[in-house]
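Top to bottom, those sequences are chains A and B. For the first sequence, our numbering assigns the number 1 to the initial residue and increments by one for each residue that follows. For the second sequence, our numbering assigns the number 1 to the initial residue and increments by one for each residue that follows.
These are calculated hints, taken from the structure and not from any lab test. Just so you know, even glycine gets a beta-carbon here, dropped at the ideal spot from N, CA and C. Hints may be right or wrong, so weigh each one.
Part of the chain B face toward chain A, derived, beta carbon under 7 Å [what the hints assert, rightly or not]: (1) A28; (2) R39; (3) L40; (4) R50; (5) F52; (6) A81; (7) P84; (8) R85; (9) G86; (10) W87; (11) R138; (12) P140; (13) T210; (14) L214.
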Amino acid sequence: MVARPPELTRDALGLGLRIPHYAHLLEHWPHIGYLEIISENFLGDAMPARRHLDSMRERYPIVLHGVGLNLLGHAPLDTAYLDKLGWLAEYVDAPFVSDHLCWTGGHGESHHDLLPVPYVEDLIGVAAERAAFVQRQLGRPFGLENLSSYVEFRASTMPEWEFYRAVVEQAGCWFMLDVNNIYVSSQNHGFSAEAYLRAIDFSRVLQVHIAGHSREANGTIIDTHDHAVADTVWQLYADAWKMGGPFPTLLEWDDRIPPLPEVLAELAKAARVRA
Amino acid sequence: MLRTPLDGTSGTLAVTPSSYDRELTELALASTKLGSTDRLAIYNRQYWFRLFTVFHGAFPLTTRLLSHFTFNAYVSRFLVARPPRGWDLDAMLVGFDDFLLEALPAGTVPIAGQRVGIEPLAVVQAARIDAAFHRVFRAPAVEPFHPRAEHAEQLLSSRLSASPAAAVLEEHWPLCELRRAVALAAGEAAVALPERLSQPRFWLLLRTGTKLGLSALEPREAQLWRLLQELRVGAALEKLEADCSSGERVDLPTNTQRWLARSVTLGLWTGLEAAPPR
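Construct the complete structure from the given sequences, taking the supplied hints into account.
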């Protein structure tokens with residue numbers, strides 16, 4: 001029988017689990033408030049993934065973060081995928097599950113990317129109904145993450161944060177708030193990141209993501225998750241904490257990943273920044 | 001549109017915004033920094049390079065034999081013909097080695113930026129080896145089959161079920177050794193194909209715990225294990241004997257017993273399937 005991991009506290013600092021972390025984790029078992037796994041990496045029956053997951057779930061609370069739900073796509077929600085997701089959530093006893101307020105494919109094909117939509121009134125009800133369904137199926141809190149995006153649509157009739165809030169409220173689900181994404185999108189689209197934060201009901205924030213990004217020569221910022229967190233994002237995080245903390249905070253570092261102690265040192269900055 | 005194939009003429013696989021549907025690009029807004037087409041091109045670029053990265057990870061040897069640029073060109077052809085479906089990124093890799101068998105030219109395969117190309121058989125074997133490493137590592141947990149006395153009577157008329165955590169590899173160049181070397185050497189340029197082996201070499205790729213290991217196989221041993229994956233045990237042994245020279249047949253009974261015993265010890269089989277009734 002698997003021992004129950006410690007509870008995920010409201011001020012916990014967590015790490016997005018990635019393959020390069022395993023060696024250090026399995027040897028040293030550093031203190032980490034919780035782990036977030038990319039759901040799709042553990043939905044199959046690959047033995048190595050399952051074995052690592054078993055080791056981790058004995059020692060750390062684990063939350064799920066998906067990229068394949070296609071919440072805002074035309075196609076019906078993939079119930080086979082949701083069944084697997086539900087099984088995984090149960091298997092690790094996930095306190096919550098999250099995915100993105102986006103579409104990922106259409107006509108049977110997948111872009112494997114998180115694609116934005118026009119923010120229009122008509123889409124709120126559809127999105128909310130689908131999010132509410134997912135939350136009922138999972139039987140635990142379901143959070144929607146705001147995207148970092150590189151395009152806006154002529155057809156949008158409201159800012160992203162109004163659409164986001166409306167969907168979460170109507171669905172009765174939760175915000176999975178990514179402050180790096182707010183910053184990235186604010187720079188790419190020219191809106192106020194602070195205005196975005198002011199629209200969030202922090203009583204319904206499940207978790208906040210922080211991450212690094214890259215700036216291109218033309219000034220566009222890309223959500224690369226391959227750097228330490230920028231000072232501007234730390235400031236936004238501190239603002240979010242003042243407005244609505246405490247909330248669990250998770251660092252995503254997906255590429256050019258330094259040794260785990262360095263990643264954990266970056267995560268530890270969150271406690272100093274919000275103090 | 002977001003998956004418009006990349007432009008190979010520039011040598012850097014840049015996106016081709018000029019080929020985007022105008023009506024669609026007008027749906028998007030320009031920003032102060034970029035026009036709408038260039039903003040959409042970010043997603044196009046992300047699509048290709050995300051998928052290329054997945055293919056590089058799954059086919060590291062094949063990638064380096066062809067160079068990233070040439071490999072990416074084959075991947076893009078494969079994905080245009082068979083775009084990814086569903087949430088499982090891994091599923092899009094299936095069939096790429098078979099695709100290369102059809103797609104590679106019959107003669108030498110040109111490699112971008114190099115005067116000398118590469119034999120297509122080397123590329124196909126590299127792809128098969130890469131695919132096997134990827135598949136074997138990700139196999140589910142399996143219980144090895146240990147035959148008991150009561151299985152003896154039905155053995156010859158039955159088929160052994162192969163473990164997904166094992167694969168027989170064949171190489172006509174030292175590709176497995178090269179695969180280990182390229183894993184340690186970063187870079188996007190093509191690596192030189194080593195000299196061809198005087199005889200084909202065979203390996204057993206086996207997952208033990210979460211580790212992968214290679215064990216050398218005798219050629220007839222490899223042939224036997226391959227035959228056992230396709231045929232009933234009796235038919236596999238008959239085929240093997242038929243292919244052996246008279247000299248090889250002298251020691252075949254002893255060798256066959258040894259090879260079968262080894263295959264069981266190593267956990268190559270997960271069960272015995274009775275032959276369907278006539």
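Evaluated hints:
no.	hint	result
1	A28	5 Å, holds
2	R39	4 Å, holds
3	L40	6 Å, holds
4	R50	6 Å, holds
5	F52	12 Å, violated
6	A81	12 Å, violated
7	P84	5 Å, holds
8	R85	6 Å, holds
9	G86	6 Å, holds
10	W87	3 Å, holds
11	R138	4 Å, holds
12	P140	4 Å, holds
13	T210	4 Å, holds
14	L214	17 Å, violated
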